[in-house]
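Q: Here is what each chain is made of, one letter per residue.
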Amino acid sequence: MKTKLLIPVLLLLSLGAAAQTSKKEILKDINRTGGSYFAYPGPTQKALTPAPAGYEPFYISHYSRHGSRYMLDNVCYVYSIEKLDTAAQLGILSKKGAAVLEILRAGYADALKRDGDLTKLGGRQHREIAHRMYDRFPELLSQPLKVDARSSTVGRCMVSMFNFCQELQGLNPSLDIRMDASRGDMRFIVEDDHMKVEDTPRNQGISDRVNRMYEKAFNPSHLMKLLFTNVRKAESFVDGVMLMDCLNNVAEDFQNVPELGLSLKDIFTKDELFAIWNYYNSRWIHYCGIIPGSTPKYKCKMEVRDTIISIADRVIRNGEPTVTLRFSHDGTVMPLTYMLGFKEVMGAATNVENLYKTISIDRIIPMAANIQMVFYRKEGSDDVLVKFLLNENETSLPEVKSDVAPYYHWADVKRYWDSRGTTLMNR
Amino acid sequence: MRRILTALSCLLLIVWAAGAQTSREELLSHIELTAGNYANYPAPTGHLTPAPDGYEPFYISHYGRHGARYMTSDKSYRRLKEQLDSAKALGILTPYGKDVRRRVRAAAEDAKGRAGELTALGARQHKAIARRMFDNYPSLLGQPLHIVANSSTSRRVMLSMANFCNELKALNPSLDISMDASEHDQYYIKTNKTIVVPESPARRDLRRQYSEFKKRMLSGDAQMEAIFTDPERAARFIDKYSFADDLFNVAIDMYCLPELNISFFDLFGEEGMINGFRAQNASWCFWEGLMPGADKEYYRTFPLLQNFLDEAGEMIASGESGVRLRFGHDSSLIALSYLFGVQEARDVVDDFDNLHEHFATFRVIPMAGNLQLIFFRKAGSDDILVKFLMNENETSIPLSTDCYPYYHWSDLEPYYRNMIENAGIVYQTPKENED
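Chains as they are written, first to last, in my numbering: chain A, 1 to 427; chain B, 1 to 435.
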């Protein structure tokens with residue numbers, strides 16, 4: 001009995017080692033504290049591992065999040081501008097506060113009527129990813145292929161798709177690209193929103209612990225002193241926690257509109273930025289149902305995963321080289337990586353404060369996040385190999401053995417996914 | 001023989017598209033155009049008058065409607081299915097009615113989850129228009145130009161834009177095309193609902209006439225007779241007018257889905273199709289305010305006209321070259337065509353019975369319908385010439401010119417700016433908070 005328990009623990013430890021993140025590392029690139037607002041950093045891996053001799057890529061299955069976007073609404077701008085403006089009229093806005101108000105006004109003027117829209121940077125991110133895909137797999141992508149591109153029905157996802165596809169089209173005018181964004185497809189592309197996932201008995205307790213992280217992270221005392229000359233007076237009309245949350249949202253989203261040249265990062269201490277990032281990190285991991293015992297929300301995305309697998313099977317059977325492109329949201333990319341068993345999302349423990357040491361969302365769902373599965377075959381052989389890229393870096397499935405890592409035999413992967421699917425759906 | 005027939009029908013189409021007047025014989029020879037604003041985009045004549053000596057195209061300003069689409073809602077399908085199911089349960093479907101029911105169900109099944117979405121044909125239409133634009137102006141579009149494209153936030157429109165732009169990119173990979181579909185640009189891309197529409201005193205009377213005319217054109221009698229063994233019994237739970245209206249909408253939407261191979265033409269016949277077209281044609285003229293005496297709904301498209309003028313002015317002043325693409329809806333395109341006063345969209349009359357002889361929706365707002373302004377300049381001269389294309393055919397505007405179909409920018413700019421000035425546009429406070 002004891003040994004039975006020990007094995008999974010050991011397994012968890014070894015998995016965690018692969019993707020460990022420290023506070024120092026996060027703070028090294030301050031933009032990483034944006035979490036899901038982190039603007040796509042591009043691949044750190046410049047050269048990919050060559051395929052075993054004789055294997056050629058014949059299919060790419062690409063699943064991605066929309067690129068950099070504006071905030072989903074302007075509530076954060078409106079609240080913080082209103083409060084700082086009131087303080088200015090009362091004569092209690094500090095010099096720094098006045099400078100912040102000016103920055104907020106400039107950001108708001110740009111963001112007005114662009115709720116949730118893809119930013120210019122967001123368009124560039126997808127063009128660049130497409131360009132690299134072409135450069136990395138020219139033997140496949142220079143052919144006159146049929147490309148099946150589908151996106152979520154949300155505008156920023158569609159415009160991401162347009163940018164990606166147009167870049168490919170320019171690189172290879174003979175591509176026959178079919179784009180669509182149909183409500184009828186959303187179950188297979190984004191999620192099954194009719195599926196109801198019952199809360200687990202332990203979920204509330206986990207959620208409460210994550211909420212406590214919020215309370216700790218959003219302590220506005222430093223910020224209030226920075227912005228107002230009379231904090232007591234300011235507190236009579238300002239909800240400090242809300243103001244801090246709003247300003248943090250604005251500050252993190254600024255990296256997605258770099259052409260504005262605006263920054264608010266300096267109104268937060270590094271410890272604050274880290275605590276806020278850590279909270280959002282845990283919130284996300286909890287939201288997806290990845291923490292043991294939490295509500296398995298990922299289930300409504302299982303059909304998306306299974307569709308990716310069945311399309312790959314169909315392409316392998318048909319034998320005709322092709323590319324499928326999907327454009328969606330962080331809320332699907334994150335659970336997908338989990339359901340596929342990528343090393344970056346494995347090993348979540350129940351200690352919510354320390355989750356970041358094993359999983360950090362800025363590695364998984366920055367703006368324009370993507371999963372690429374590249375399929376290879378060899379003439380005269382039935383063996384199909386597949387390689388996985390997360391945000392264009394090669395990654396691994398720690399629970400699948402391979403004699404050709406980072407490549408995997410499709411048959412092994414399929415067997416693993418079948419049983420993983422069953423396990424995850426039974427939770 | 002078949003080739004001759006094809007050539008002949010092409011020729012007929014050319015004759016068709018060229019004029020703005022519509023005769024019954026013409027309609028009979030191209031019955032598919034009775035689909036009106038659901039009509040497949042008619043191929044342009046291909047006739048383009050060369051620009052006067054020394055003039056080169058440097059700017060294209062374009063407004064295009066989305067391509068072929070599914071019906072914007074599945075309400076018609078739902079009603080028809082319920083009505084025909086009930087009739088089946090009561091045992092009052094004729095054998096022909098049973099067949100109509102089967103076809104309605106097949107079409108509804110195909111449309112499931114796709115209300116309002118672009119069809120495969122819709123994407124092809126936009127690619128073809130883009131390709132012709134490239135072919136017609138290679139000196140302009142062969143350059144490494146910057147192209148700005150905006151669309152409405154509706155998905156069929158966004159996908160129309162993407163298909164159009166991808167085709168251009170494939171033809172010239174050095175094009176730098178920026179695409180966007182943001183609330184930020186909707187004030188001119190779509191009809192602007194914050195503009196007050198001046199009310200017309202004649203509206204009431206016209207509306208009554210319109211209702212009567214529509215009931216006469218789409219009475220539903222023939223369909224009730226053909227589908228039900230006991231039309232009187234059916235009439236107890238089916239309103240024949242809305243029944244005919246639903247069936248006609250489904251019938252014309254089939255032109256957007258050629259791959260389905262379903263037709264309801266037999267249910268209406270030539271006469272019925274023409275009458276259905278006349279009803280819808282009148283509806284557009286009445287509701288959009290093109291008809292004298294109707295409310296001037298087209299006022300809501302003045303920002304689009306203004307956008308055409310302002311951006312053209314900036315482009316001319318900059319001395320640069322470019323292409324400006326906008327993708328939107330029939331309601332904006334019909335109003336813009338009317339405001340520019342192109343031949344196809346002026347001279348609308350309030351005589352319902354003869355209206356279609358003067359104005360026909362399929363000339364202005366077929367699926368993928370578009371208006372293009374092509375700008376030309378000459379080295380060493382300040383003169384700018386503009387040509388108007390309605391669905392890629394050269395057309396006229398209500399100004400005189402010494403070089404038709406080209407017009408001097410110096411004549412047309414003040415004309416349209418005065419028009420906007422004199423309109424006295426009033427914006428009403430938006431009902432919802434803008435934040």
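Some hints here could point you the wrong way.
Taking CB as the label site, the calculated pair distances span [unchecked claim]:
| hint | chain 1 | residue 1 | chain 2 | residue 2 | range |
| --- | --- | --- | --- | --- | --- |
| 1 | A | 91 | B | 425 | 58 to 64 angstroms |
| 2 | B | 85 | A | 380 | 34 to 40 angstroms |
| 3 | B | 26 | A | 105 | 42 to 48 angstroms |
| 4 | B | 354 | A | 106 | 37 to 43 angstroms |
| 5 | B | 88 | A | 209 | 27 to 33 angstroms |
| 6 | A | 105 | B | 52 | 35 to 41 angstroms |
| 7 | B | 94 | A | 418 | 49 to 55 angstroms |
| 8 | B | 86 | A | 214 | 53 to 59 angstroms |
| 9 | A | 414 | B | 173 | 25 to 31 angstroms |
| 10 | A | 212 | B | 86 | 27 to 33 angstroms |
| 11 | B | 78 | A | 266 | 35 to 41 angstroms |
| 12 | B | 261 | A | 418 | 35 to 41 angstroms |
| 13 | B | 317 | A | 230 | 48 to 54 angstroms |
Simulated pairs of lysine-lysine, DSS-like, Cα-Cα distance not exceeding 25 angstroms [said to hold, decoys possible]:
| hint | chain 1 | residue 1 | chain 2 | residue 2 |
| --- | --- | --- | --- | --- |
| 14 | B | 81 | B | 240 |
| 15 | A | 46 | A | 24 |
| 16 | B | 127 | A | 146 |
| 17 | A | 24 | A | 196 |
| 18 | A | 414 | A | 23 |
| 19 | A | 146 | A | 23 |
| 20 | B | 88 | B | 240 |
| 21 | B | 81 | A | 196 |
| 22 | A | 113 | B | 215 |
No lab work stands behind these hints, which were simulated from the structure alone. Virtual Cβ for every residue (Gly too), placed ideally from N, Cα, C.
Q: Each of the hints needs a verdict: does it hold here or not?
A: Status of each hint after checking the structure:
Take residue 91(A) and residue 425(B): their Cβ atoms lie about 42 angstroms apart, and the range 58 to 64 angstroms is violated. At roughly 57 angstroms, the beta-carbon separation of residue 85(B) and residue 380(A) lies outside the given 34 to 40 angstroms, and the hint is violated. For the pair residue 26(B) and residue 105(A), the supplied restraint of 42 to 48 angstroms is violated, since their beta-carbon distance comes to about 60 angstroms. For residue 354(B) paired with residue 106(A), a C-beta distance near 58 angstroms fails the hint of 37 to 43 angstroms.
For the pair residue 88(B) and residue 209(A), the supplied restraint of 27 to 33 angstroms is violated, since their beta-carbon distance comes to about 59 angstroms. Range check, residue 105(A) to residue 52(B): Cβ separation about 51 angstroms, and the 35 to 41 angstroms hint is violated. Judged by the Cβ atoms, the range 49 to 55 angstroms given for residue 94(B) and residue 418(A) holds: they are separated by roughly 53 angstroms. Residue 86(B) and residue 214(A) have their C-beta atoms about 56 angstroms apart, which keeps the hinted 53 to 59 angstroms range intact.
Checked against the given bound of 25 to 31 angstroms, the beta carbons of residue 414(A) and residue 173(B), roughly 38 angstroms apart, lie outside it. Distance hint for residue 212(A) and residue 86(B): a CB-CB separation of about 59 angstroms, inconsistent with the stated range 27 to 33 angstroms. For residue 78(B) and residue 266(A), the hinted distance range of 35 to 41 angstroms is not satisfied, since their beta carbons lie about 57 angstroms from each other. Distance hint for residue 261(B) and residue 418(A): a CB-CB separation of about 40 angstroms, consistent with the stated range 35 to 41 angstroms.
Between residue 317(B) and residue 230(A), the C-beta spacing of about 52 angstroms keeps the proposed range 48 to 54 angstroms intact. A C-alpha spacing of about 15 angstroms is found between residue 81(B) and residue 240(B), which places the hinted pair at or below 25 angstroms, so the restraint holds. Proximity of residue 46(A) to residue 24(A) is assessed by CA-CA distance (about 24 angstroms); at most 25 angstroms being required, the pair is judged to hold. Distance check on the hinted pair: residue 127(B) and residue 146(A) sit about 16 angstroms apart at the alpha-carbon level, within 25 angstroms; holds.
About 40 angstroms separates the Cα atoms of residue 24(A) and residue 196(A), which puts this hinted pair outside 25 angstroms; it is violated. Proximity of residue 414(A) to residue 23(A) is assessed by CA-CA distance (about 36 angstroms); at most 25 angstroms being required, the pair is judged violated. With a C-alpha separation of about 45 angstroms, the suggested pair residue 146(A) and residue 23(A) falls outside the 25 angstroms cut-off, and the hint is violated. For the suggested pair residue 88(B) and residue 240(B), the alpha carbons sit about 17 angstroms apart, so the restraint of at most 25 angstroms is met.
Straight-line distance between C-alpha atoms of residue 81(B) and residue 196(A) comes to about 30 angstroms, which puts the hinted pair past the 25 angstroms bound. A threshold of 25 angstroms between alpha carbons decides the hint, and for residue 113(A) with residue 215(B) the separation of about 43 angstroms lies outside it, so the pair is violated.
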